[in-house]
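Colleague: Single-letter residue listing:
Number of protein chains: 2
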Amino acid sequence: MYPSPYQPDFSKRDPYPGVDPMFPTRWSPRALVKTAIAEEDLLRIFDAARWAPSSYNEQPWRFLVSTTETFDTFLGLLVEANQKWAQNASVLGFVVAKRHFTHNDKPNDCAVFDCGSAWMSMTFQARLLGLYTHGMAGIKKDAIYTTFGIDRERFEVVAGFAIGVLDARETLPKPYIDWEVPSPRKPLAEILFQGAWPQP
Amino acid sequence: MYPSPYQPDFSKRDPYPGVDPMFPTRWSPRALVKTAIAEEDLLRIFDAARWAPSSYNEQPWRFLVSTTETFDTFLGLLVEANQKWAQNASVLGFVVAKRHFTHNDKPNDCAVFDCGSAWMSMTFQARLLGLYTHGMAGIKKDAIYTTFGIDRERFEVVAGFAIGVLDARETLPKPYIDWEVPSPRKPLAEILFQGAWPQP
Numbered sequence: 001m002y003p004s005p006y007q008p009d010f011s012k013r014d015p016y017p018g019v020d021p022m023f024p025t026r027w028s029p030r031a032l033v034k035t036a037i038a039e040e041d042l043l044r045i046f047d048a049a050r051w052a053p054s055s056y057n058e059q060p061w062r063f064l065v066s067t068t069e070t071f072d073t074f075l076g077l078l079v080e081a082n083q084k085w086a087q088n089a090s091v092l093g094f095v096v097a098k099r100h101f102t103h104n105d106k107p108n109d110c111a112v113f114d115c116g117s118a119w120m121s122m123t124f125q126a127r128l129l130g131l132y133t134h135g136m137a138g139i140k141k142d143a144i145y146t147t148f149g150i151d152r153e154r155f156e157v158v159a160g161f162a163i164g165v166l167d168a169r170e171t172l173p174k175p176y177i178d179w180e181v182p183s184p185r186k187p188l189a190e191i192l193f194q195g196a197w198p199q200p
Numbered sequence: 001m002y003p004s005p006y007q008p009d010f011s012k013r014d015p016y017p018g019v020d021p022m023f024p025t026r027w028s029p030r031a032l033v034k035t036a037i038a039e040e041d042l043l044r045i046f047d048a049a050r051w052a053p054s055s056y057n058e059q060p061w062r063f064l065v066s067t068t069e070t071f072d073t074f075l076g077l078l079v080e081a082n083q084k085w086a087q088n089a090s091v092l093g094f095v096v097a098k099r100h101f102t103h104n105d106k107p108n109d110c111a112v113f114d115c116g117s118a119w120m121s122m123t124f125q126a127r128l129l130g131l132y133t134h135g136m137a138g139i140k141k142d143a144i145y146t147t148f149g150i151d152r153e154r155f156e157v158v159a160g161f162a163i164g165v166l167d168a169r170e171t172l173p174k175p176y177i178d179w180e181v182p183s184p185r186k187p188l189a190e191i192l193f194q195g196a197w198p199q200p
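Chains as they are written, first to last, in this note's numbering: chain H, 1 to 200; chain E, 1 to 200.
Possibly wrong hints are sitting among the right ones.
Heads up, the list lumps identical chains together, so a pair's fine if it works in one copy or across two of them.
To be verified - As a list, the in silico PhoX-like pairs of lysine-lysine whose alpha-carbon atoms are at most 20 Å apart:
1. K106 x K141
2. K140 x K106
3. K98 x K186
4. K141 x K84
No lab work stands behind these hints, which were simulated from the structure alone.
Just need the whole structure built from these sequences, with the hints factored in.
Modeller: Rendered as structure tokens:
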């Protein structure tokens with residue numbers, strides 16, 4: 001486990017009674033303290049992702065993750081606003097989707113959706129180990145393809161992520177410190193429609 | 001909880017040691033026994049999805065789910081091969097993504113990926129309640145837009161799903177019975193790349 005000096009306040013979140021605490025106590029912090037993650041724990045995190053469901057069991061998810069030697073290369077492929085806090089992550093990485101089915105080479109319309117499932121799985125395994133993840137849309141996609149020689153006809157760089165150990169909120173500079181609070185959610189009635197789609 | 005007469009055999013699955021059992025014991029069965037799900041449990045399942053992470057906290061996921069009165073309508077919007085087993089589901093539904101960000105009306109490139117995260121979260125909450133989910137790519141997308149009056153400029157129908165109670169494998173007809181076994185996965189080395197992308 002990776003002890004943290006900080007206990008985030010989830011009391012403003014309003015899960016429906018009986019929802020497992022694993023859901024509302026997951027969040028995406030930016031205050032991280034540079035800490036080495038044991039290789040076994042890293043393998044556990046990505047192995048959890050392996051078991052996600054996928055269309056035709058294609059398993060279109062690929063994870064390209066930093067090592068100690070390559071961390072700065074990965075960091076430079078995030079947009080600058082993300083670099084400022086993500087420099088304290090333990091590991092940085094990119095979720096990459098295989099665009100076509102292996103069995104027939106046709107486009108896999110579920111590839112990105114299935115990558116989202118795998119990403120959520122790795123996040124929950126990280127939390128079980130005491131670690132946090134933070135997904136990032138703010139990545140330099142063109143530079144990622146060229147830096148790593150990823151064939152963009154066959155693979156799609158979908159998102160970036162940081163894995164790290166939570167540090168105290170007060171360690172963050174502005175404006176990040178103002179954002180460092182578990183975010184709220186829409187009421188369930190705005191995302192769940194039973195029997196009919198809401199008409200404008 | 002929803003007791004099942006059947007204990008699936010996960011012994012062929014090979015999680016890395018220390019991976020939480022919630023990951024390799026999740027699967028997508030087809031043998032379901034028609035059972036009413038308590039409304040509170042259904043709300044718990046979709047509330048868990050609510051807490052998934054999303055780009056700009058947009059929460060682009062929408063869930064359109066069947067009621068008792070509308071079940072047959074939902075069933076008819078699956079491809080025939082899925083209708084045969086999904087008729088025994090307790091609830092059918094569709095994951096729908098809001099295509100644009102609410103704050104600036106620009107396309108949300110992460111919407112489908114974020115929907116995958118929400119789908120995985122609802123699946124884990126379902127398992128915690130003793131229920132199973134089964135995602136479906138085989139749905140009649142055009143008919144779903146028209147049947148429910150979904151504006152396809154603003155929303156994308158991403159996937160279908162069934163939620164149900166596991167029944168014995170032997171209740172399934174051919175060919176489904178042959179498929180009713182927890183599926184294997186690629187070795188971790190085929191999806192996790194540390195420091196470099198594999199070159200052909």
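Colleague: Hint by hint, say whether it matches the structure.
Modeller: Hint check results:
1. K106 x K141: Between copies only: 18 Å across, 24 Å inside.
2. K140 x K106: between (27 Å within a copy, 18 Å between copies)
3. K98 x K186: between (32 Å within a copy, 14 Å between copies)
4. K141 x K84: Classified as within: same-chain Cα gap 18 Å, cross-chain 42 Å, threshold 20 Å.
No hint from the list above goes unmet by this structure.
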